[in-house]
Amino acid sequence: MVPTFWTDIIKKPEQGIYPHIIILAHMILGTGLVYISPRSNLAFLVLITSFFTLYYFKADQRFKLIVGVVLTLFILPVVGVRNIFYLEVIFQISVFAALALGLNIVVGFAGLLDLGYVAFYAVGAYLWAFFGSQQYYVLPFAPGTQPSNLPFLLPGDAFYLFMFAAIFVAALTGILLGTPVLRLRGDYLAIVTLGFGEVIRVLANNLDKPLNFTNGPQGITPIQRPTMPQAAVDVFNKLFGGVVGHEVSPADMYNVMFYLLALAVIIVIVFVTRRLDDSKIGRAWTAIREDETAAIAMGIPLVKMKLAAFAVGASFAGVMGVLLAGSRTFISPESFSFMQSIGVLSMVILGGSGSIPGVILGAATVTILNLQVLQGLSLHLSQLRQSDAVIPIINFAWADLSTQLDPAKYQRLLFGLILILMMIFRPAGLIPSQRRKRELASDEAEGGE
Amino acid sequence: MKRFLKSINVPELLRPLGQLIFFSLGSTIFLSAIALVLALILDRTVVGQTLFERLNVSLYTYTLVNLPQVAIDGLTIGFVYAAIALGYTMVYGVLEFINFAHSEIFAVGAFVGVEILIALDTFGILADASILMAYIYLILAILGGMLAAGGLAVAVERVAYRPLRHASRLVPLISAIGVSFLLQDVIRLVESLTTGQFNRIFPTFGNFDSRVILAKMTMGTTPITLGMSIKSIIVIVSAVLMLVALNYLVNATKIGKAIRAVAQDHPTASLMGIDVNRIISLTFLVGGMLGGAAGVLYALKFTRIDPFVGFFPGLKAFTAAVLGGIGNMTGALLGGIVLGMLETFAGSYMGVFTMGAAGSEYKDIFAFSILILVLIFRPQGLMGANVAQKA
Chain F
4 MVPTFWTDII KKPEQGIYPH IIILAHMILG TGLVYISPRS NLAFLVLITS FFTLYYFKAD
64 QRFKLIVGVV LTLFILPVVG VRNIFYLEVI FQISVFAALA LGLNIVVGFA GLLDLGYVAF
124 YAVGAYLWAF FGSQQYYVLP FAPGTQPSNL PFLLPGDAFY LFMFAAIFVA ALTGILLGTP
184 VLRLRGDYLA IVTLGFGEVI RVLANNLDKP LNFTNGPQGI TPIQRPTMPQ AAVDVFNKLF
244 GGVVGHEVSP ADMYNVMFYL LALAVIIVIV FVTRRLDDSK IGRAWTAIRE DETAAIAMGI
304 PLVKMKLAAF AVGASFAGVM GVLLAGSRTF ISPESFSFMQ SIGVLSMVIL GGSGSIPGVI
364 LGAATVTILN LQVLQGLSLH LSQLRQSDAV IPIINFAWAD LSTQLDPAKY QRLLFGLILI
424 LMMIFRPAGL IPSQRRKREL ASDEAEGGE
Chain L
87 MKRFLKSINV PELLRPLGQL IFFSLGSTIF LSAIALVLAL ILDRTVVGQT LFERLNVSLY
147 TYTLVNLPQV AIDGLTIGFV YAAIALGYTM VYGVLEFINF AHSEIFAVGA FVGVEILIAL
207 DTFGILADAS ILMAYIYLIL AILGGMLAAG GLAVAVERVA YRPLRHASRL VPLISAIGVS
267 FLLQDVIRLV ESLTTGQFNR IFPTFGNFDS RVILAKMTMG TTPITLGMSI KSIIVIVSAV
327 LMLVALNYLV NATKIGKAIR AVAQDHPTAS LMGIDVNRII SLTFLVGGML GGAAGVLYAL
387 KFTRIDPFVG FFPGLKAFTA AVLGGIGNMT GALLGGIVLG MLETFAGSYM GVFTMGAAGS
447 EYKDIFAFSI LILVLIFRPQ GLMGANVAQK A
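Here the protein sequences line up with chains F and L, keeping their order. Numbering of the first sequence is given in my numbering, commencing with residue 4 and proceeding in unit increments. Numbering of the second sequence is given in my numbering, commencing with residue 87 and proceeding in unit increments.
There's no promise every hint is true.
What the hints assert, rightly or not - Derived list of chain L stretches under chain F, where covered just means 3 residues or more per stretch with a C-beta under 8 Å from a C-beta of chain F: (1) 150 to 158; (2) 215 to 229; (3) 279 to 292; (4) 456 to 467.
No lab work stands behind these hints: they were computed from the structure. Positions of the beta carbon are idealized from the N, C-alpha and C atoms, including for glycine.
Isolated chain F (complex conformation):
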């Protein structure tokens, strides 16, 4: 039994001052390490895992809250501004955590396997990409032939409005797509949602004629960033200027702002998810997930509840799409491939479907594996390739190794392995949801199946 083994080793301190000290020590150690060596991936990992310590050890709720706020609102932005790559990783983690939390509502709570979740992300992204760029005036031109001095359709202020608009647009898309297909059984639904995901991608690729809505495969650029008051930069500089060590430019500040926006969305999602989970709707979702027939017999309006799950999940993806369009200033159909959907799914499955901390952990793990481990390996490999080193026994020069073997390109392998291994060995995920835990416990008490 792996879990008992680990708890035996760690001997989780349950009470007293120790957990507080461990949490603080971990956080300070991480911050210090990152501060001393801003380019080390290992130091960054130490800092990021302090969230896990914070979650894992039992401590006073208020203490946890304060430490969490300090970590997310002060330490991470400052560390991120010192090394912009970290901020990128943190931003990606928060974007994927938000997406995974949204998908978690559909997959984890309602038990509907949605393989085209990225479609809603694309809807949000293209919504702001169309209204926040020159695309409206490009409509009559084929891609690449438009004049260069076109105005923007909407000012950057509208971005904030569109974050709210995306909720409704994406939810509406979810309802429109869901209405015909949610009657289907689980495995059919999975394939049909996959099809919808592909439909949206193909549409984005081809709606550059007869009217140029999406600019085809080249994608839409430039997309406006939201306006940011100069005061925000000044305040940040005044507060943290000494610690950061250099003057913070508005460009850096934008990254911090997008991170904070993503964080705000995550907090909203977590709040909504927890409220929904304890509500009548949440219990209806659980009932549907466990046994559809029994749920119908209990008088649960099946299609309505499934649609609700679909719409709520979709709306969060839509918001994140707007955020993505604003932060990247460039959108192309490639960002919304089937692989992205599976990536988000593997985050949910890895962390534990239905479990909020689990899903966040899954998102962080997969993103770090993707951005730091795989890319770190790539970097190492490309250095080896440029050197004269030779693999000893088989006498193979690294320089002859193909560039196709770049580990950063093998995300599918990573996602695939995660999905298979989790399904076989730990289907409830790294941090199983409370409900699953209770079920498993009662299963074991009854002697299993």
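Knowing the structure of chain F, use the given hints to seat chain L on it.
Relative to the frame of chain F, chain L by itself:
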């Protein structure tokens, strides 16, 4: 010898042949009629005028002249879909489970077959092979692809699906998606390791690229020759042979009886002395072999393959299986042929009929639209009336 000949169940050999011919002719006639009626209607409108100004023919003539070629192309791809769809449908029949990794098993078959031919080519054997030898090498490649794909399918079942057989429905499906993704990158890894490139081109040899001329005619001022490439004939003939053989295996042999028994009820089948696990492995083997052969045929027809080549054919074959009624073998044949036909007709005529606004680039999502429509209006598929809906 005489006893052996006597033991052959001739009706079971002829029945699928009849079905295939009936399905092919039926869908050709039906779709041609629709295309021609549409052409007649649109001929009077601006669509017809635009075409007339461009090519100097009426839309009706244009449609009519292209019809045979479109039908043949549709039939070719339709048979490939049918062969893949049978893999989905057989596995679904015995396990009620969508083998999402089947598309990668198809891709592995394609790669092994093409690699065999490339290996022969590098030794210079292919270049000076006679026509007869060329066909033997092709058959060798198809057999190699079948063996590799079949073996892989069995291995995948053993490792990734069998431990999950009693879990809830979505668990093995997620595992299958994982296998599919894993295999795509494993193919890419293996192929990149050797040459640094992950695409493979089907070597040119034999007379596969030449065409059999069926008829010659002129359209307006441009002469049109109607032909069928030898490739297409090979694809159709080998697909038909495989489909007939599979039908015989399932419907007229003892093993087939065991497969059908397992599909109906696992516990009862095992009470009758059938080794359920072995039959399930066998089902994966047969389905994988069909997929692998389809992969080599696909590579022959479309020449260029990459590790992600299985995705769209796999999805479309799944659509075909659902269209025909998943779990029903005749349905998979019908679904494959109808889908291949529909897709080719749409790809060829949609561009002309909509004046270029929506052309063949929408071909891929056409299949999904059909899938969605079928699932909404007739979830049991065209022929799936006898498949009980188990929740």
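Handout entry: Broken hints, by number
Key = Numbers 1 and 2, in rising order.
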